[in-house]
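These protein sequence lines map, in sequence, to chains G and B. Using this note's numbering, the first residue of the first sequence is number 1, and each one after it goes up by one. Using this note's numbering, the first residue of the second sequence is number 371, and each one after it goes up by one.
Hints are not guaranteed to be accurate.
Just a sample of chain B residues kept apart from chain G, beta carbon distances all over 10 Å, derived [what the hints assert, rightly or not]:
# : residue
1 : Ile423
2 : Thr452
3 : Ile481
4 : Leu496
5 : Phe594
6 : Lys700
7 : Asn767
8 : Lys770
Taking lysine-lysine and the DSSO-like style, the derived pairs with C-alpha atoms no more than 30 Å apart in a straight line are [as the list claims (entries may be wrong)]:
#  : chain 1 : residue 1 : chain 2 : residue 2
9  : B       : Lys432    : G       : Lys361
10 : B       : Lys584    : G       : Lys133
11 : G       : Lys170    : B       : Lys414
12 : G       : Lys217    : B       : Lys495
13 : G       : Lys71     : B       : Lys499
14 : B       : Lys536    : B       : Lys499
15 : G       : Lys362    : B       : Lys574
16 : G       : Lys23     : B       : Lys536
17 : B       : Lys788    : G       : Lys170
18 : B       : Lys428    : G       : Lys137
19 : G       : Lys224    : B       : Lys495
20 : B       : Lys711    : G       : Lys71
21 : B       : Lys702    : G       : Lys362
22 : G       : Lys361    : B       : Lys422
23 : B       : Lys702    : G       : Lys170
24 : G       : Lys170    : B       : Lys536
25 : B       : Lys716    : G       : Lys168
26 : G       : Lys170    : B       : Lys495
27 : B       : Lys752    : G       : Lys170
28 : B       : Lys716    : G       : Lys361
29 : B       : Lys495    : G       : Lys168
30 : G       : Lys361    : G       : Lys293
31 : G       : Lys170    : B       : Lys725
32 : B       : Lys432    : G       : Lys137
33 : B       : Lys748    : G       : Lys361
34 : B       : Lys432    : B       : Lys536
35 : B       : Lys732    : B       : Lys716
36 : B       : Lys711    : G       : Lys325
37 : B       : Lys499    : G       : Lys362
38 : G       : Lys23     : G       : Lys133
39 : G       : Lys362    : B       : Lys788
Because the hints were derived from the structure by calculation, they are not lab data. By construction, the Cβ of each residue, glycine as well, lies at the ideal position given by its N, Cα and C atoms.
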Amino acid sequence: MIDQTMIPDIDPIALPAPIWLLKFLLLLTFTLHILAMNVAVGGGFVAAFTEYFGRKKKSQNHFELSRGIAKMLPPFTAFTITLGVAPLLFLQVLYGQFFYTSTILMAWPWLSVIVIFILAYYGYYIFSFRWEKLNGKRFWAVLISATMLATIGLIYVNNIVLMLTPDKWKAMYFANPHGTHMNFDDATLIPRYLHYIISALAVAGVVVIMWGMRKLKSDEQLGKWAIRYGAWWFLIPTFINIGVGVWWLIALPREFMLMFMGGNQLATGYFLVGLASIFVCIMLMFVGMNASKPIGKIMAAKLFFLITIVTMILMRHELREAYLKPYINWDAVQTEPQWGVIIIFALLLVGGLITVIWMLKKSFGKPAIN
Amino acid sequence: MNYPFWDIPFIGGGMLIGFVAIIHTFVAQFAIGGGLFLVLTERKAYRENNPKIIDYLKIHSKFFILLTLVFGALTGVAIWFTIGLVTPMATSSLIHIFVWGWAIEWVFFFIEIAAAMIYYYTWDKLDRKTHIAIGWIYFIAAWMSLFVINGILTFMLTPGDWLQTKSFWDGFFNPTMLPSLVIRTAVTIALAGLYALLTSSFMKDDELRTTMIKYSSKWILVPFFVLPFGGLWYVLSIPTLSFDIIAGGAPAITIFVALGVFFSVIIFIFAYFLPYRVPHRFSAALAFMFLMLGLFVMGVSEMVREAIRKPYIIYDYMYSNNVFKTEADKFKTAGILPSSKWTHVKSADDANIMKAGEQVFKLQCQSCHTVQGYNGIKILTKGWQEPFIENQIEHLNQLKGFMPPFMGSESEKKALAKWLYELNKTEQIIRNQ
Ligand code: HEM
Chain G
1 MIDQTMIPDI DPIALPAPIW LLKFLLLLTF TLHILAMNVA VGGGFVAAFT EYFGRKKKSQ
61 NHFELSRGIA KMLPPFTAFT ITLGVAPLLF LQVLYGQFFY TSTILMAWPW LSVIVIFILA
121 YYGYYIFSFR WEKLNGKRFW AVLISATMLA TIGLIYVNNI VLMLTPDKWK AMYFANPHGT
181 HMNFDDATLI PRYLHYIISA LAVAGVVVIM WGMRKLKSDE QLGKWAIRYG AWWFLIPTFI
241 NIGVGVWWLI ALPREFMLMF MGGNQLATGY FLVGLASIFV CIMLMFVGMN ASKPIGKIMA
301 AKLFFLITIV TMILMRHELR EAYLKPYINW DAVQTEPQWG VIIIFALLLV GGLITVIWML
361 KKSFGKPAIN
Chain B
371 MNYPFWDIPF IGGGMLIGFV AIIHTFVAQF AIGGGLFLVL TERKAYRENN PKIIDYLKIH
431 SKFFILLTLV FGALTGVAIW FTIGLVTPMA TSSLIHIFVW GWAIEWVFFF IEIAAAMIYY
491 YTWDKLDRKT HIAIGWIYFI AAWMSLFVIN GILTFMLTPG DWLQTKSFWD GFFNPTMLPS
551 LVIRTAVTIA LAGLYALLTS SFMKDDELRT TMIKYSSKWI LVPFFVLPFG GLWYVLSIPT
611 LSFDIIAGGA PAITIFVALG VFFSVIIFIF AYFLPYRVPH RFSAALAFMF LMLGLFVMGV
671 SEMVREAIRK PYIIYDYMYS NNVFKTEADK FKTAGILPSS KWTHVKSADD ANIMKAGEQV
731 FKLQCQSCHT VQGYNGIKIL TKGWQEPFIE NQIEHLNQLK GFMPPFMGSE SEKKALAKWL
791 YELNKTEQII RNQ
């Protein structure tokens, strides 16, 4: 029997929305967060290595790309936070009793996220605004920032996994109530983390490809080079990640592993779709990177990549539900939807998206004369 | 009693929240007023056909995004992190009651961030009209996010009809929501002036510097004509007990209020006599001092705002120590130790009296007191005898209106009294040896 006494009681105030809606918004905003994070973190590493290769090979292409990525890093870092705040909200409302508790156990590492983030973010701004002046120091500037951001991911993984294992909390808290714990003794932690970070490199590779496609018109040689170069950044990490994914799967408690191998139809279904689409994606990428007219194939590859990412996130969600199944009975959770406010939120969200798209169109559309 | 208590030696959780909240507010409110400053000043530059002002704005807007998008946004996330760690029960309540309020706030936050970046990156790219329009979008989104968060924050002090109806709108449009919105809006504008004073004073061009310094000082002066009325309206809307705390019930808080008012007046007077009257003699060092005075006023006001909510964290709903008001009686009869999840001491008896006393302290008192540090209980009970301590605990809420009643059994009270007494006693003995 599991000792349940240490899980805080659920908040007595009913959830102000149907559970499916909250879960949907959690997964949606989390997907966007992860995509932005992938560009911000993976992009930083790709920029660092591109600088390094550029210097070794004295290659102008590499520097052009580095400059291009430098411009993207600050906005994508901003989106990482902005899009991180939303899942943070929905996570708390759905899983507060688990999340707050694990956070308290690792309070100081958790708070350090803020400090690390501020420093890394300023580092990216320096890399971006002073790209020319930094010259030889660029490699270090961007590498250090990217490494700091990647460390934040590690702290997140510690917490998001710790919240799933309440039977560990009691011993941890009584050993030390000062909030200095980490969760490294969980066997799934390292493969889980590596899986995310390596896929960040692959996503950054795709961003490099897109950058190359935009360049094709103005500088075909550079564009073609960037497409091939980006494709390798996509392919190599993706191959490695297949191995790391298997490692994660094996590291899971046996019942959860089996869930993805027929034990649970939905989870197995996601897994199969994810595997199939990454396979198609790799094929398309191989064909696309060498094609004389790459755009169509690459766009299709991107689509399949997105499908893979979404299925992975859905698998991750099923995994969390499985971990928490003994501790929460969703049927017993009270809901009293505040439909009025929900509708206002939906309208504002749509209005907000239209506004942002309008602003982007205006600023990235044809250059105006002042 | 539900969540583990995060034990932070010396500073305590309240102090940590206060620290994070003050630095965040100081930058975040600039992020709002500063937006209005950017658009109106840009308009002024075009109207007066003064390209130098645009040069200034380019520099000022860089400073603005570097400060607000990075430091402002992240310290905002830091508040969330900290309140979740220190007061998880209250945070959970606020999130459950206002999920959709927060979600709406997030939409505005998103627009705000996007608009700020685009505004900064498109100085030379967009036509004037569109650029100003983006500035307005920024300011409106930023102010709307203040509007939403202000409703949620004021709810904590004056939940109003929500206590009966449990309706989102009653909680949001609560009795202090409007006066507080007026105050905050005025403060954001004054802060825009304070920060602009700083960046202006760095301008090399003498004429530009003087113009901008004088102009910025007006941004500081104007809101001061609104603040006294907002302040009065606010004070008239707060609960009686909160009013008593300001009016002498807790001397430290009365002093804070006085300091806040005094230094606000100082800022006003100096802003008039220095940057407004003699802008050419103004310097960056002075601007920095102004900013520090502003930070100080912000600091004491935040402390007052926190203090007047005592003994509650959400008025008439949850006590400062994260106990629901309705649960107090239950703990008195059943005892706090057996009702708490995160303690291994499950009852107080003669055998474990010291351990039990310490645990009771942790559960009931440590959300506001530390042992030896900030608001340290050891100093506060120095020289008190055990029966006296017991009596104080019994009448905690009557003796000091800003403390919750003691919620625990007889034996737990005795244990707490004993533990408190021993805190000072052991030291006495050591010193005597
Ligand atoms: C660049 C810095 C960041 C990185 C590298 C990063 C990375 C990650 C990773 C890898 C996860 C998955 C954790 C797991 O499943 O074990 C995650 C989850 C999450 N992140 Fe981020 N993150 C960053 C910044 C942020 C920030 C600033 C916020 C909030 C403002 C945030 C909010 C979240 C939330 C709420 C989740 C959990 C979502 C869920 O479990 O459903 N992240 N992040």
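Going down the list of hints, with the structure as the test:
no. : hint                : verdict
1   : Ile423              : holds (15 Å)
2   : Thr452              : violated (7 Å)
3   : Ile481              : violated (5 Å)
4   : Leu496              : violated (6 Å)
5   : Phe594              : holds (32 Å)
6   : Lys700              : holds (13 Å)
7   : Asn767              : holds (23 Å)
8   : Lys770              : holds (27 Å)
9   : B:Lys432 x G:Lys361 : holds (22 Å)
10  : B:Lys584 x G:Lys133 : violated (35 Å)
11  : G:Lys170 x B:Lys414 : violated (62 Å)
12  : G:Lys217 x B:Lys495 : holds (21 Å)
13  : G:Lys71 x B:Lys499  : holds (25 Å)
14  : B:Lys536 x B:Lys499 : violated (45 Å)
15  : G:Lys362 x B:Lys574 : violated (33 Å)
16  : G:Lys23 x B:Lys536  : holds (24 Å)
17  : B:Lys788 x G:Lys170 : holds (27 Å)
18  : B:Lys428 x G:Lys137 : holds (27 Å)
19  : G:Lys224 x B:Lys495 : holds (28 Å)
20  : B:Lys711 x G:Lys71  : violated (50 Å)
21  : B:Lys702 x G:Lys362 : violated (64 Å)
22  : G:Lys361 x B:Lys422 : holds (29 Å)
23  : B:Lys702 x G:Lys170 : holds (26 Å)
24  : G:Lys170 x B:Lys536 : violated (34 Å)
25  : B:Lys716 x G:Lys168 : holds (20 Å)
26  : G:Lys170 x B:Lys495 : violated (58 Å)
27  : B:Lys752 x G:Lys170 : violated (34 Å)
28  : B:Lys716 x G:Lys361 : violated (63 Å)
29  : B:Lys495 x G:Lys168 : violated (56 Å)
30  : G:Lys361 x G:Lys293 : holds (27 Å)
31  : G:Lys170 x B:Lys725 : holds (18 Å)
32  : B:Lys432 x G:Lys137 : holds (23 Å)
33  : B:Lys748 x G:Lys361 : violated (62 Å)
34  : B:Lys432 x B:Lys536 : violated (44 Å)
35  : B:Lys732 x B:Lys716 : holds (14 Å)
36  : B:Lys711 x G:Lys325 : holds (21 Å)
37  : B:Lys499 x G:Lys362 : holds (11 Å)
38  : G:Lys23 x G:Lys133  : violated (46 Å)
39  : G:Lys362 x B:Lys788 : violated (71 Å)
Of the numbered hints stated above, those contradicted by the structure are hints 2, 3, 4, 10, 11, 14, 15, 20, 21, 24, 26, 27, 28, 29, 33, 34, 38 and 39, listed in ascending order.
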